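Chemist: Protein chains in written order, with this note's numbering: chain A, 22 to 377; chain B, 116 to 554.
Keep in mind that the hints were calculated from the coordinates and are not lab data.
Any given hint could turn out to be false.
Some chain A residues well away from chain B (every beta-carbon gap over 12 Å; in silico) [what the hints assert, rightly or not]:
{"#": "1", "residue": "91"}
{"#": "2", "residue": "141"}
{"#": "3", "residue": "217"}
{"#": "4", "residue": "220"}
{"#": "5", "residue": "227"}
{"#": "6", "residue": "270"}
{"#": "7", "residue": "325"}
{"#": "8", "residue": "345"}
Derived pair list, reagent style SDA-like, types lysine to any residue, alpha-carbon separation capped at 25 Å [what the hints assert, rightly or not]:
{"#": "9", "chain 1": "B", "residue 1": "204", "chain 2": "A", "residue 2": "313"}
{"#": "10", "chain 1": "B", "residue 1": "543", "chain 2": "A", "residue 2": "313"}
{"#": "11", "chain 1": "B", "residue 1": "290", "chain 2": "B", "residue 2": "413"}
{"#": "12", "chain 1": "B", "residue 1": "543", "chain 2": "A", "residue 2": "90"}
{"#": "13", "chain 1": "B", "residue 1": "153", "chain 2": "A", "residue 2": "304"}
{"#": "14", "chain 1": "B", "residue 1": "370", "chain 2": "A", "residue 2": "230"}
{"#": "15", "chain 1": "B", "residue 1": "543", "chain 2": "A", "residue 2": "180"}
{"#": "16", "chain 1": "B", "residue 1": "204", "chain 2": "A", "residue 2": "102"}
{"#": "17", "chain 1": "B", "residue 1": "315", "chain 2": "A", "residue 2": "341"}
{"#": "18", "chain 1": "B", "residue 1": "370", "chain 2": "A", "residue 2": "197"}
{"#": "19", "chain 1": "B", "residue 1": "368", "chain 2": "A", "residue 2": "113"}
{"#": "20", "chain 1": "B", "residue 1": "272", "chain 2": "B", "residue 2": "488"}
{"#": "21", "chain 1": "B", "residue 1": "191", "chain 2": "A", "residue 2": "33"}
{"#": "22", "chain 1": "B", "residue 1": "543", "chain 2": "B", "residue 2": "346"}
{"#": "23", "chain 1": "B", "residue 1": "315", "chain 2": "A", "residue 2": "113"}
{"#": "24", "chain 1": "B", "residue 1": "153", "chain 2": "A", "residue 2": "113"}
{"#": "25", "chain 1": "B", "residue 1": "315", "chain 2": "A", "residue 2": "213"}
Being a predicted model, the structure only gives us computed values, none of them experimental.
Built from N, CA and C at the ideal position, the CB exists for glycine as well.
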Amino acid sequence: MDGVDLRSVSAWTTGYALLAAVLVGLVAHKALLRLADRLLEAIDSAIERIRAPRTRSAVAAFLLLSPALAILGLFGVVPLVYAVRISLFDTRRDIFVGAGNYARAWGDPEFWRSLSVTLYYALGTIPLTLAISFCVAWLLHRAARGRGFLRTAYFLPYVTSAVAAATVWRVLLRPRSGFVNVMLDAIGLPMQDWLLEQRGVLHILTQGWIPPGVGPSLALCCIMAFDIWHASGFTIVIFLAGLTAIPRELMEAAVLDGAGPLQVLRRVVLPLLSPTIFFLAVVSGIRAFQSFNSFYALTNTSRGADTQNLVIYIFAQLYESQRYGYGAAVATLLCAAIVALTIIQWRYVGRRVHYE
Amino acid sequence: MTPLRGFICIAALTGILAGCGNPASESGRGGASPRVFKPIDETAVLFWDRQTLETADLITRIAGEYNAQHGGLPVKVEHLGDYSDINRKLSVSIQARELPAMAVGYDSMTAEYVQAGAAVPLDEYMNDAEVGLTNEDRADFFPGVLATSTNPAFGGKTYSFPFTKSVLVMYFNKKVLRAAGIEAPPKTWDEFLAQCRLIKDKTGQFGYAVDVDCSTIDGMIYSRGGELVRGAESLFDQPASVAVFEYLETLAKEKLAFQIQPGTFDDRDEFTQGRVAFFFRTSSLRPYVAAMMAQDPDGWGIAMIPQAHLEAPATVLYGGNIGIFQTTPEQQRIAWGFIKYFTSPEVSARWALGSGYLPLRKSAADHPDMQAFFKQWEYNRAAFDCLPHARPEPNLAGWQEVRTLVERAGSQVMSGLKTGRQAAMDLKQEADRVLAAAQ
Numbered sequence: 022m023d024g025v026d027l028r029s030v031s032a033w034t035t036g037y038a039l040l041a042a043v044l045v046g047l048v049a050h051k052a053l054l055r056l057a058d059r060l061l062e063a064i065d066s067a068i069e070r071i072r073a074p075r076t077r078s079a080v081a082a083f084l085l086l087s088p089a090l091a092i093l094g095l096f097g098v099v100p101l102v103y104a105v106r107i108s109l110f111d112t113r114r115d116i117f118v119g120a121g122n123y124a125r126a127w128g129d130p131e132f133w134r135s136l137s138v139t140l141y142y143a144l145g146t147i148p149l150t151l152a153i154s155f156c157v158a159w160l161l162h163r164a165a166r167g168r169g170f171l172r173t174a175y176f177l178p179y180v181t182s183a184v185a186a187a188t189v190w191r192v193l194l195r196p197r198s199g200f201v202n203v204m205l206d207a208i209g210l211p212m213q214d215w216l217l218e219q220r221g222v223l224h225i226l227t228q229g230w231i232p233p234g235v236g237p238s239l240a241l242c243c244i245m246a247f248d249i250w251h252a253s254g255f256t257i258v259i260f261l262a263g264l265t266a267i268p269r270e271l272m273e274a275a276v277l278d279g280a281g282p283l284q285v286l287r288r289v290v291l292p293l294l295s296p297t298i299f300f301l302a303v304v305s306g307i308r309a310f311q312s313f314n315s316f317y318a319l320t321n322t323s324r325g326a327d328t329q330n331l332v333i334y335i336f337a338q339l340y341e342s343q344r345y346g347y348g349a350a351v352a353t354l355l356c357a358a359i360v361a362l363t364i365i366q367w368r369y370v371g372r373r374v375h376y377e
Numbered sequence: 116m117t118p119l120r121g122f123i124c125i126a127a128l129t130g131i132l133a134g135c136g137n138p139a140s141e142s143g144r145g146g147a148s149p150r151v152f153k154p155i156d157e158t159a160v161l162f163w164d165r166q167t168l169e170t171a172d173l174i175t176r177i178a179g180e181y182n183a184q185h186g187g188l189p190v191k192v193e194h195l196g197d198y199s200d201i202n203r204k205l206s207v208s209i210q211a212r213e214l215p216a217m218a219v220g221y222d223s224m225t226a227e228y229v230q231a232g233a234a235v236p237l238d239e240y241m242n243d244a245e246v247g248l249t250n251e252d253r254a255d256f257f258p259g260v261l262a263t264s265t266n267p268a269f270g271g272k273t274y275s276f277p278f279t280k281s282v283l284v285m286y287f288n289k290k291v292l293r294a295a296g297i298e299a300p301p302k303t304w305d306e307f308l309a310q311c312r313l314i315k316d317k318t319g320q321f322g323y324a325v326d327v328d329c330s331t332i333d334g335m336i337y338s339r340g341g342e343l344v345r346g347a348e349s350l351f352d353q354p355a356s357v358a359v360f361e362y363l364e365t366l367a368k369e370k371l372a373f374q375i376q377p378g379t380f381d382d383r384d385e386f387t388q389g390r391v392a393f394f395f396r397t398s399s400l401r402p403y404v405a406a407m408m409a410q411d412p413d414g415w416g417i418a419m420i421p422q423a424h425l426e427a428p429a430t431v432l433y434g435g436n437i438g439i440f441q442t443t444p445e446q447q448r449i450a451w452g453f454i455k456y457f458t459s460p461e462v463s464a465r466w467a468l469g470s471g472y473l474p475l476r477k478s479a480a481d482h483p484d485m486q487a488f489f490k491q492w493e494y495n496r497a498a499f500d501c502l503p504h505a506r507p508e509p510n511l512a513g514w515q516e517v518r519t520l521v522e523r524a525g526s527q528v529m530s531g532l533k534t535g536r537q538a539a540m541d542l543k544q545e546a547d548r549v550l551a552a553a554q
């Protein structure tokens, strides 16, 4: 085989094999469909033979759910279990440390700092995203013309790649020559360091009255603004769907009974929209705790303690410090926090949701 | 099943699985055992490199030439982003027990590969009668360059070889300096500060665009006669280090300098557009700056970074080394052959001319093409003249993490979040904690 590249031969062989498989599939697909039909019939009749109705429905439910469960198990539960497992080891030295990595996180100021950044971010983005999105959705809902176009326009940021959009934002927010600073300078306002500004936004707004380390930094606020802009398209569309589902007669009846626009909104629209609000609050909460792309793409590194959320911290432990055990422990804690938060939301906020 | 119950089930399942063995070694818990690795690619000697554009093409061509001259498996170059990207990928590969034959990296990264049992000591190849280095070869390498490869923390063994070396230099824009009535670039830190003030007064512009990079700060500390570590203890609380952070504080407070976004080349862009007078970067950036200043080739220059003591100048020697990893004896032998070929006088000179990196050997610097290049432009020699005064950064395990802390401290000072002294003292504490944990 002198002079012949074995890798190219292998690539050709694979190509031919794939082509052959496609051709066989095209020819044999009817036979395969028949086989699948028979298999389903056999399963169906096997289920029918189960006498107890509860067992029968349970088996049927399990069989219907099994493909989804298999995928979830393989790509969700197995990695989670593996992560929890390696969190019990010092992977650098290959030794079992039990809860050592968790104890270390408890005593690590960097962990607590990252947690506070995560909480600032969640508290800053979730309510604002929901409020802004609801207002836009309400206006769009009432708009007589161009609703489709505006809905697409608002949805556009959401379908744009977060990394690509963040790169554009980075250029706009460059310290000296960025578009935003050039505009500020043009109207006589002081330029800002934006994504590099580690001082608290409260310190800047109060001109030094509040200490610089208090509250979220201006850089973190820039990340929040980006995420609100980027995520609001999704929430607007969901709100719009929720608003469209509210029967118009209910609002008309309220108006006939003398309710003003604000009363209609408060007494009719918001209660009927509460399942949507609740769904979006849960989803946004989970997303806020898992946020990574915008932090990484806008700040590039974990250099700024003020913009290092828990996920960036985990990333730094895994890929910059090679502490897989410790990184997995922090990831497990984050997962537990998200589960706990979701349970709290279901238990306490979920009760207030009004289902029609 | 409620979410809480589900979570408890997962935790219980994990507890059971955790008893089934060590996830890393599968060799039983409680004791470290030698790790066994295999090559990622068995059909080629895989080399993970960081070069881009023209330099990436050049290194691939050099590998092609080596493959044509030598039999056996071919060297295959893969360009994987910067040193940090390669470091991340290697750390994952170590966990997966599959490695490339060689990769570039900083020596602080190599220290971590040694700890993981993934790096191969090069001493047996270097001392080999047939394929090793002769005494003449060793004497031909610039002393500081070869010294970066020996790690005292690992019994003085050599786990990496100098590959692409450069020095920290100062780039100065003559046009901006002239506009402020300045004739020559600064030689001392006092002159640098005075010139920045003059530039601000006369032109209203910033003097210096700061890339808050650990190597730059390390170079500033060296240039003030300071040291970075003693054993595994950092020296950021020492006068030279405190003076550097206080100097940055002065530059930021007086609005003489501004920080650029990390990971960008905004300093170079501001410089080439004539909006700042100075920036400090690796000498290997020279070809890129030259290309951007092609319209005004005499409008800029390169010089040694300012110093506190002109009689004992110092700067940082940086750039990557190359390491060989545990794969197969054949792959490792070919990898060493490639390294030796790449650092041979002829190829070293060609690489230096094509890339902007420094020649690693005296014979490469004396090469007629290299000498012609030095004469071509008055500043072409500037980086090479810094080489005798260039010092490597620490290659301790944990230093990679300390680099992030140094950059964070620098950013905090530039932001006005901390004073220079406070940042230096906090950095000392945090760096010592990291270094102690890593040893």
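Chemist: Take the hints in turn and mark each one as holding or not.
Modeler: We went through each hint and held it up to the structure:
1. 91: Check passes; 17 Å lies beyond 12 Å.
2. 141: 16 Å, holds
3. 217: Its Cβ does come within 12 Å of chain B, the nearest being 5 Å, so this is violated.
4. 220: 6 Å, violated
5. 227: Holds, since 15 Å exceeds 12 Å.
6. 270: Given that every Cβ of chain B is farther than 12 Å from that of residue 270 of chain A, nearest at about 38 Å, it holds.
7. 325: Check fails; 6 Å does not lie beyond 12 Å.
8. 345: Answer for residue 345 of chain A: violated, closest chain B Cβ roughly 6 Å.
9. B/204 x A/313: Holds. Residue 204 of chain B to residue 313 of chain A sits at ~19 Å (cutoff 25 Å).
10. B/543 x A/313: 29 Å, violated
11. B/290 x B/413: Holds - the C-alpha atoms of residue 413 of chain B and residue 290 of chain B are around 9 Å apart, at most 25 Å.
12. B/543 x A/90: Roughly 51 Å between the alpha carbons, so the hint for residue 543 of chain B and residue 90 of chain A is violated.
13. B/153 x A/304: 43 Å, violated
14. B/370 x A/230: 21 Å, holds
15. B/543 x A/180: 45 Å, violated
16. B/204 x A/102: At roughly 23 Å apart (the allowed maximum being 25 Å), residue 102 of chain A and residue 204 of chain B satisfy the hint.
17. B/315 x A/341: Violated, at roughly 39 Å.
18. B/370 x A/197: 12 Å, holds
19. B/368 x A/113: Status violated; Cα separation ~43 Å.
20. B/272 x B/488: 36 Å, violated
21. B/191 x A/33: 21 Å, holds
22. B/543 x B/346: 14 Å, holds
23. B/315 x A/113: Not satisfied, since the Cα-Cα distance of roughly 51 Å exceeds 25 Å.
24. B/153 x A/113: The hint holds at about 19 Å.
25. B/315 x A/213: 18 Å, holds
Checked against the numbered hints given earlier, the structure breaks hints 3, 4, 7, 8, 10, 12, 13, 15, 17, 19, 20 and 23 and satisfies all the rest.
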